[in-house]
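Using the sequences and the hints given, assemble the complete structure.
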Amino acid sequence: MSNSSLVVRVGGDSAAGGIVTTGEVFARIAAYAGLEVYTTRTVPAEIKGGHVMFQARIAPTQVWSQGDDLDMLVAFDQESIDRYYALVHSGGILVYNSNDSKPPAPDGVAQYALPLNDLAKGINFQRGRNIITIGALIKLFGLPSEKAIAVVEKQLGRKKELLEQNLLALKTGYEYVEQNITKTAPYQLQPRAGAAKEERLVLSGNQALSIGAIAAGCRFFAGYPITPASDIMEFLAAEMPRVGGTMIQAEDEMAALAMVLGASYGGARAMTATSGPGLALMQELIGHAVMTEIPIVIVDVQRAGPSTGMPTKVTQGDLRMSVFGANDDAPRIILAPVSVEDNFYQIINAFNLAEKYQVPVIFLSDQDMSVRVQTIPAFDLSRVKIEPRVLWNPTSDEKYLRYQDTATGVSPMSLPGMKGGQYVAEGLEHNAEGEPNYDLNWRTTNMEKRTRKVRLAAQEAEVLKLYERFGNADARIGIIGWGSTIGPVYEAVEHAQAEGIKVAGLYVKMLQPLPRKLIQDFIARRDVIIVPELNYVGQLARMIQAEFWHEVVSLRKFDGTPFSMNEVYREVKRVHGSLTRFAQKPVARPVSTHKKKPVAKPRTRRR
Amino acid sequence: MVMTLEPPKFSYEPVNLTPNEYKSGVPPIWCPGCGDYGVLASFLKAISELHIPREQLAIVSGIGCSSRFPAFVEAYGFHGTHGRALPIAAGIKMARPDLVVVTVGGDGDAFSIGMGHIPHAIRRNMDLTYIVMDNEIYGLTKGQPSPTSPLGLEKKASPFGTVERPINPLQLAIACGATWVARGFSSKPKDLGELIKAAIQHKGFSLLQVMSPCVTFYDTYDHWKSITQPLPADHNPHDRLSALKYAMDDKTLYLGLFYQEEGETYDASYSAMRARVTKPDYGVREIIGKYMR
Chain A
1 MSNSSLVVRV
11 GGDSAAGGIV
21 TTGEVFARIA
31 AYAGLEVYTT
41 RTVPAEIKGG
51 HVMFQARIAP
61 TQVWSQGDDL
71 DMLVAFDQES
81 IDRYYALVHS
91 GGILVYNSND
101 SKPPAPDGVA
111 QYALPLNDLA
121 KGINFQRGRN
131 IITIGALIKL
141 FGLPSEKAIA
151 VVEKQLGRKK
161 ELLEQNLLAL
171 KTGYEYVEQN
181 ITKTAPYQLQ
191 PRAGAAKEER
201 LVLSGNQALS
211 IGAIAAGCRF
221 FAGYPITPAS
231 DIMEFLAAEM
241 PRVGGTMIQA
251 EDEMAALAMV
261 LGASYGGARA
271 MTATSGPGLA
281 LMQELIGHAV
291 MTEIPIVIVD
301 VQRAGPSTGM
311 PTKVTQGDLR
321 MSVFGANDDA
331 PRIILAPVSV
341 EDNFYQIINA
351 FNLAEKYQVP
361 VIFLSDQDMS
371 VRVQTIPAFD
381 LSRVKIEPRV
391 LWNPTSDEKY
401 LRYQDTATGV
411 SPMSLPGMKG
421 GQYVAEGLEH
431 NAEGEPNYDL
441 NWRTTNMEKR
451 TRKVRLAAQE
461 AEVLKLYERF
471 GNADARIGII
481 GWGSTIGPVY
491 EAVEHAQAEG
501 IKVAGLYVKM
511 LQPLPRKLIQ
521 DFIARRDVII
531 VPELNYVGQL
541 ARMIQAEFWH
551 EVVSLRKFDG
561 TPFSMNEVYR
571 EVKRVHGSLT
581 RFAQKPVARP
591 VSTHKKKPVA
601 KPRTRRR
Chain B
1 MVMTLEPPKF
11 SYEPVNLTPN
21 EYKSGVPPIW
31 CPGCGDYGVL
41 ASFLKAISEL
51 HIPREQLAIV
61 SGIGCSSRFP
71 AFVEAYGFHG
81 THGRALPIAA
91 GIKMARPDLV
101 VVTVGGDGDA
111 FSIGMGHIPH
121 AIRRNMDLTY
131 IVMDNEIYGL
141 TKGQPSPTSP
151 LGLEKKASPF
161 GTVERPINPL
171 QLAIACGATW
181 VARGFSSKPK
191 DLGELIKAAI
201 QHKGFSLLQV
211 MSPCVTFYDT
221 YDHWKSITQP
231 LPADHNPHDR
241 LSALKYAMDD
251 KTLYLGLFYQ
261 EEGETYDASY
271 SAMRARVTKP
281 DYGVREIIGK
291 YMR
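In order, the protein sequence lines correspond to chains A and B.
Numbered continuously in this note's numbering, the first sequence closes out at residue 607.
Numbered continuously in this note's numbering, the second sequence closes out at residue 293.
No lab work stands behind these hints: they were computed from the structure.
Heads up, some of the hints might be wrong.
To be verified - Short derived list, chain B residues pointing at chain A, Cβ under 10 Å:
1) Ser24
2) Cys31
3) Ala71
4) Ala75
5) His82
6) Pro87
7) Ala90
8) Gly91
9) Ile92
10) Arg96
11) Leu244
12) Tyr254
13) Ile287
14) Arg293
Cβ coordinates follow ideal geometry from the N, Cα and C atoms, glycine included.
What follows is the structure, given as structure tokens:
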């Protein structure tokens with residue numbers, strides 16, 4: 001069992017049903033038993049079916065990535081064996097459907113046959129194969145069956161009749177193993193003592209984000225269905241009216257964002273959520289929100305593109321669209337959470353920054369962390385602070401000027417209903433009143449005003465700690481990244497340090513404006529910077545090169561799957577090798593423009 | 001002109017202001033003789049007669065000559081992006097149901113780039129008013145044919161005459177199930193004022209097409225004067241087929257209230273649903289509780 005965790009992959013055809021359910025229910029049972037789980041999945045974008053893979057990594061303590069080699073493969077069909085058997089390490093387990101597939105020749109992997117079709121036929125429940133499998137797995141791994149029953153009741157208990165069938169299926173799988181499989185599994189899953197009593201949530205990034213939005217005071221959401229962001233809309237369709245808010249399914253993404261603008265203009269904290277193609281459609285309105293200084297939050301759950309691309313696959317390819325989208329210079333804030341848990345806290349920051357600076361905030365999540373179900377510590381509601389919008393005082397005697405220039409660039413906003421506060425939210429260049437005006441002085445003043453707000457917002461990176469640092473602070477090798485790649489990168493850094501390679505990690509959660517000092521100081525202390533990201537050109541790497549005049553090693557992956565720990569570790573090792581080979585100059589890089597480094601101490605060669 | 005006026009229902013404390021007191025002081029940018037001046041005057045008179053407080057009125061527009069409208073009225077305004085006035089207005093209405101929300105714009109903004117939103121505004125039937133100043137031409141971009149331009153219109157962008165047939169907005173709205181549909185003419189300010197009042201008072205989505213000529217690029221004053229006439233006295237505005245018949249007449253441009261019905265509004269239905277599902281003391285803690293293992 002690698003790193004004292006268990007990596008389980010479930011594979012099958014989605015048309016046969018229940019692959020993801022099998023994985024999810026099994027993961028939840030483990031979570032209820034007090035274990036930590038981290039899941040990932042690939043599903044076809046087509047509804048009619050296709051091959052599906054669900055993977056859960058289960059451990060007594062929190063894990064940060066999906067895991068590399070498989071400890072166990074649960075194969076519902078032959079295709080799953082053909083695809084994944086090679087990934088199961090020696091000493092691992094194969095659980096397979098003996099009615100539908102033939103196991104490979106024995107080679108050190110323990111094989112368990114389940115006649116799933118026969119068992120399902122035996123209880124007259126063809127669609128029960130997934131729950132039968134779960135019953136079998138619980139018995140194999142010694143997980144508490146009362147937790148299994150509790151999860152099945154919670155997850156699949158909506159219809160009484162169906163629930164009874166599911167519970168029977170669970171029992172059938174359990175008893176089959178009890179009666180027919182005598183050898184015990186090479187691993188038993190043992191939670192830490194008392195772990196089951198700790199407060200843990202089991203949810204996805206999109207769910208964490210949706211809860212965070214409500215906690216942040218969001219009371220208006222408009223959206224349009226798009227994978228993988230739709231479940232934010234569905235979540236809020238159920239919860240918004242219950243907390244006194246509104247959720248509208250709009251006719252398209254432009255309408256969705258237009259509604260959000262209108263609602264925020266009316267005084268509501270408002271948000272939309274979409275994916276790349278939707279964000280592309282929203283560009284003009286983003287520029288409008290910048291011009292009219294209306295606070296809004298736009299969630300982009302990034303998926304592989306361009307165009308329709310691969311809707312159910314992950315990417316970090318929308319950074320440049322988010323930074324540069326909309327015509328002319330339109331300063332906005334961009335935040336990116338790094339994990340399922342972080343979605344909750346960062347969406348709250350997104351609302352607070354939008355309201356404080358009266359700008360659009362683009363929130364870059366991604367497919368991987370949006371759908372991944374994971375155990376996380378319960379949210380700390382004492383950390384939730386609501387930053388209110390700066391409002392005009394209607395009792396003031398002074399004439400109201402909506403776009404009056406101020407030291408911070410932020411002008412008090414009036415809301416409809418406030419007597420004397422009437423103004424036009426004006427998309428044309430305007431004067432302080434909000435009247436259309438192209439006078440050079442107003443143009444200059446307002447361009448500067450809109451930019452100043454966002455420039456000042458850079459201070460929030462320190463105030464709100466919009467970054468994560470890990471690893472060895474004095475390391476020569478540094479990794480700068482963003483978003484959900486932090487998991488495998490964090491584990492790669494831990495692994496490298498255990499192997500004697502020192503690495504420092506910096507994950508930036510504010511990508512616009514870039515926290516200059518934070519990044520500059522980090523770069524200044526390293527000999528080489530690696531920037532891992534899930535896109536073809538290295539979008540953050542190029543931004544860093546352009547902004548800081550610093551050459552970096554760009555580690556890119558764009559096949560639609562997340563990094564594995566090993567992929568990152570291999571690159572760290574390669575870079576470390578070149579550092580030691582060339583002692584001082586590992587890769588070509590121009591002289592950096594910032595403060596002079598102390599003279600390097602002579603370094604001894606490692607290895 | 002047949003007008004079925006309900007007694008006024010105000011969600012606001014009525015005020016007494018003259019039409020002039022609703023002027024913002026920003027001089028209109030329209031060409032001398034533009035039909036939109038007439039629409040503005042009728043509008044100011046209508047809101048004065050409806051006693052709407054200036055701060056309770058939100059006027060939303062898109063892009064075009066007529067979309068500059070909000071700047072000229074002393075009220076809350078929103079000069080949006082091209083074609084998106086309706087969803088912006090919908091967002092305002094849902095966040096602030098206490099406001100009177102009026103959407104204004106031109107035929108290009110409404111029936112070309114913004115056309116996709118009209119059937120949805122109709123099917124939601126939110127309590128919004130949409131006043132479309134239709135001059136059958138793109139004025140702000142200097143005279144290209146619009147979706148309501150007649151077939152064969154020769155303009156710079158259609159030097160050999162347009163080959164697309166025009167859209168009939170009223171026919172479309174009635175067919176989509178709109179609950180209030182009317183047509184006015186900027187040269188008949190008195191009737192137009194009454195229509196604007198009725199549109200604002202209608203509970204639900206009201207579409208008012210106002211024929212408002214462009215003197216610079218497509219002067220239709222005389223033509224429209226010759227082909228417009230009030231809807232016949234025997235037209236019943238609750239009769240959808242009769243409304244369709246007059247809307248589809250290709251010789252006469254009828255003026256007046258074509259169709260009207262009472263219908264559930266999105267805002268009222270949503271707030272009823274909200275009242276039904278809201279539980280006391282329900283909040284973030286209770287939502288989080290559902291995900292606790």
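A quick look at each hint next to the structure:
Given the 10 Å rule on beta carbons, the hint for Ser24 of chain B holds: about 8 Å separates it from the nearest Cβ of chain A. Interface restraint check: Cys31 of chain B against chain A, minimum CB-CB distance 16 Å, threshold 10 Å, status violated. Taking 10 Å as the C-beta contact cut-off toward chain A, the hint placing Ala71 of chain B at the interface holds, the least distance being around 5 Å. The criterion of a C-beta within 10 Å of any C-beta in chain A is met by Ala75 of chain B, whose closest approach is roughly 6 Å, and the hint holds.
Using the Cβ-Cβ criterion of 10 Å, the hint placing His82 of chain B at the interface with chain A is satisfied: the shortest such distance is roughly 8 Å. A distance limit of 10 Å between C-beta atoms decides the matter here; for Pro87 of chain B the minimum to chain A is near 4 Å, and the interface restraint holds. Annotation: interface hint on Ala90 of chain B holds; nearest CB of chain A at approximately 5 Å, less than 10 Å. Because the smallest distance between the Cβ of Gly91 of chain B and any Cβ of chain A comes to about 3 Å, under 10 Å, the interface hint for this residue holds.
A least Cβ separation of about 4 Å between Ile92 of chain B and chain A falls short of the 10 Å threshold, and the interface hint therefore holds. With a cut of 10 Å, the hint placing Arg96 of chain B at the interface with chain A holds, because the nearest CB-to-CB distance is about 4 Å. With 10 Å as the threshold, the beta carbon of Leu244 of chain B stays out of range of chain A, its nearest partner Cβ sitting at about 24 Å, so the hint is violated. Violation of the interface hint for Tyr254 of chain B is found here, the shortest Cβ-Cβ separation to chain A being roughly 30 Å, above the 10 Å cut-off.
With a least beta-carbon distance of about 6 Å to chain A, the hint placing Ile287 of chain B at the interface is held under the 10 Å criterion. Interface hint at Arg293 of chain B: satisfied, since its Cβ lies 5 Å from the closest Cβ of chain A, which is below the 10 Å cut-off.
Violated hints for the displayed structure, listed by number in ascending order: 2, 11 and 12.
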